[in-house]
Amino acid sequence: MSDLLQTTINTLAVGGLYALIALGYTLVYGILRFINFAHSDIVAWGGWLALTVASSFGWLVAGAAPVFAMPAVLLITMAICALMGVSIEFLAYRPLRKAPRLNVLITAIGVSLFLQNVGLLDKFFGNRPKGISALLANDVLVTVAGVELRLFDAMTIVLAIVLVVVLERLVYGTKMGRAMRAVSFDERTASLMGINVNVVVSLTFAIGSALAAAGGLLFAFRNDLRQTADASWVLLGLKAFVAAVVGGIGNVRGAAAGALLIAFVEVFVHRYISALFSGTQWVAQLQDVYVFAILILVLMFRPSGLLGKATVEKV
Amino acid sequence: MDLRGWLDTTVCKASLALIAVAAIAGCNNMGAEKKANGSGAGSATGSAGATVKPETGPIVIGHFASMTGAQATFGISTDRAIRLAVKERNAKGGVKGRQVEVVTIDDAGKQTEAATAVTRLINDSNAVAILGEVASSLSLAGGPIAQKAGVPMVSPSSTNPDVTDVGDYIFRVCFLDDFQGWVVAKFAFDNLKAKKVAILYDQSQAYSSGLADFFEKAFKQMGGTIATRQAYTGGNLEISSQLQQIKNANPDAIFLPGYYSDAGTIIRKAREAGIKAVFLGGDGWDSEELPKIAGDAINGNYFANHYAPEEPRPEVKDFVEKYRKEYSSTADGLAALGYDAALVLFDAMERAPSLKGADLRDALAATKNFTGVTGTFSIDKNRNAQKSAVIVEYKDGKQIMAARIEK
Chain U
1 MSDLLQTTIN TLAVGGLYAL IALGYTLVYG ILRFINFAHS DIVAWGGWLA LTVASSFGWL
61 VAGAAPVFAM PAVLLITMAI CALMGVSIEF LAYRPLRKAP RLNVLITAIG VSLFLQNVGL
121 LDKFFGNRPK GISALLANDV LVTVAGVELR LFDAMTIVLA IVLVVVLERL VYGTKMGRAM
181 RAVSFDERTA SLMGINVNVV VSLTFAIGSA LAAAGGLLFA FRNDLRQTAD ASWVLLGLKA
241 FVAAVVGGIG NVRGAAAGAL LIAFVEVFVH RYISALFSGT QWVAQLQDVY VFAILILVLM
301 FRPSGLLGKA TVEKV
Chain S
1 MDLRGWLDTT VCKASLALIA VAAIAGCNNM GAEKKANGSG AGSATGSAGA TVKPETGPIV
61 IGHFASMTGA QATFGISTDR AIRLAVKERN AKGGVKGRQV EVVTIDDAGK QTEAATAVTR
121 LINDSNAVAI LGEVASSLSL AGGPIAQKAG VPMVSPSSTN PDVTDVGDYI FRVCFLDDFQ
181 GWVVAKFAFD NLKAKKVAIL YDQSQAYSSG LADFFEKAFK QMGGTIATRQ AYTGGNLEIS
241 SQLQQIKNAN PDAIFLPGYY SDAGTIIRKA REAGIKAVFL GGDGWDSEEL PKIAGDAING
301 NYFANHYAPE EPRPEVKDFV EKYRKEYSST ADGLAALGYD AALVLFDAME RAPSLKGADL
361 RDALAATKNF TGVTGTFSID KNRNAQKSAV IVEYKDGKQI MAARIEK
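So the protein sequences, as listed, match chains U and S.
The first sequence begins at 1 in my numbering and counts up one residue at a time.
The second sequence begins at 1 in my numbering and counts up one residue at a time.
Quick caveat, the hints were computed from the structure, so don't treat them as lab data.
Just so you know, even glycine gets a beta-carbon here, dropped at the ideal spot from N, CA and C.
This list has only true hints and no planted wrong ones.
Only pairs whose alpha carbons sit at most 25 angstroms apart, straight line, appear in this in silico PhoX-like list of lysine-lysine:
{"id": "1", "chain 1": "U", "residue 1": "K123", "chain 2": "S", "residue 2": "K110"}
{"id": "2", "chain 1": "S", "residue 1": "K220", "chain 2": "S", "residue 2": "K276"}
{"id": "3", "chain 1": "S", "residue 1": "K292", "chain 2": "U", "residue 2": "K123"}
According to the in silico footprint, chain U covers these stretches of chain S (three or more CB under 8 angstroms from chain U):
{"id": "4", "stretch": "62 to 71"}
{"id": "5", "stretch": "223 to 231"}
{"id": "6", "stretch": "237 to 245"}
{"id": "7", "stretch": "268 to 278"}
Here are the computed distance ranges between Cβ atoms for each label pair:
{"id": "8", "chain 1": "U", "residue 1": "K123", "chain 2": "S", "residue 2": "S328", "range": "18 to 24 angstroms"}
{"id": "9", "chain 1": "S", "residue 1": "A358", "chain 2": "U", "residue 2": "Y272", "range": "54 to 60 angstroms"}
{"id": "10", "chain 1": "U", "residue 1": "V283", "chain 2": "S", "residue 2": "V278", "range": "24 to 30 angstroms"}
{"id": "11", "chain 1": "U", "residue 1": "N103", "chain 2": "S", "residue 2": "M401", "range": "57 to 63 angstroms"}
{"id": "12", "chain 1": "S", "residue 1": "V278", "chain 2": "U", "residue 2": "G126", "range": "30 to 36 angstroms"}
Given the sequences, and given the hints that come with them, work out the whole structure.
Structure follows, in structure tokens:
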């Protein structure tokens, strides 16, 4: 029982983390119909910028961080990353707005490599792994049936829920959200109706990148930071992207649902499948394979994702 | 480009270099002979060195290392130590009367880059010998290229047995993983009195999975049991599922043969998940970054290593002092091995009749009772170093020598 509870908490925490990152992919795809490959690098930069901000305030010495340190770092990092996202869109993607999708895709890969390698420089974040856990003690909040709920897990879950709900309200409950959906539906007609497409697109990148920053900070708390060019960021981005696709890309709720499903497979299913086959080790070793197997399965039976609407391509 | 100007400067430089080399060679002939006698080992090949006509320019040694990437501290430590060794050697007159020059190429910790780096060192830099790599998977990527080109390669710290099986040009100056696994098992069983151990290894690293196998074999032979064996993929540290299963197995100790870049995070997460058992590791833990990442969680854990900086031997004291003076940091085990690898190579170069690949290879293979920073060792018929290991404990975030374990 306690084991089940612990596994559920772990699943939700990992799912929350993936959801925050998946939202960035889904938002950009929803509006511009292209996959922003540089998104996982914004996540990496988010984590590293958080570390830089925290250490420049002197908060990375054990016990030195005040109570408001973590929210302050979170907000500053989200603001910086939002600005980064907007500038990347303005400099790299906007000139290609009318170009074929493939050109933008290749540009996104270029931006990704640029961010990876700039981050690697000693002037920026360097190449050594670093931890940020001194900013916030990972205390036990409550103990239920022998299971400890710790701050990082609780924070990830709560933050993910809050941000997903806020985003949902923004997209479906505000005038700006209606403008975003209009641009997503038909960019040209939307602009004829007096919607400033550029503002909408900039806002989309700002929101997506701010969420990525939150994801990056939470990831740093959980797993510490590896250099920006490390393969683990690509894998993290890939899993979040799979979550967005599985949920139905372009769909906010779908991204959250997809993230939960991916986390469920990675943590929950892996936990019990490897216990079930404890004699045969390769079953447990395929942890990452199960995640991508889900992608294939979902795409086979629901090509537009769990919550995506099926669209007919007009010829 | 102004061709005439270029010609002038080149000719000028070349003749200057010739004069300089001749002068150095003249000055150091006596020194070199002294060295050859002093080293004692492999004296049969040593005498031939004097008859070789002096060649011009410095002797180039190639070093391929992960100067960037997840295991960057490995490459940086090793490279610093090699450069220290070369600097000292050059101050004493170099090798065979010629100065030694190191060319370092970064492989960023990637296998494809490692192969390219070795190719470039041999073809572009004309390296007479290659030093590197730390990570076994990278030595395995670079080794075949050195072997094919007939250029001897000395790995300072690749411990996977397969590394020197690549061919007769591949050597190493560190112990092997079968020995290392046995050392950790022995320490766990005899010193810690652990009977039930869990293993958590990195399935993407040959080093880690190999070490896990050797540990398991040795520990079972001693009479211990393996509580559970879990795998993770380096860099992907969402391993709550694995940690939970280890917690449920309730082991006396956990063997974590991964690299420091993952180990620090894993130990911290394990403590947060309520796992209290002591962690044991291999030489991949050896980095000043590990206690920084793990924080307080690092204390009370042990790992096998090639040397301990506070060991009271004159070679160790001398090296630690010189390294601190040069780089103002404490030399880790990888630095010590990098230093020893360079010294073994110099020793072999001095003894070899020429710097041709085959001659250098034979001289390296004849290394006997060489005393370096990491102990006294000989190169065996499989081109591996036969030596002992130390167990290091983390206390208050500092490395303390806990035991020396002989074969």
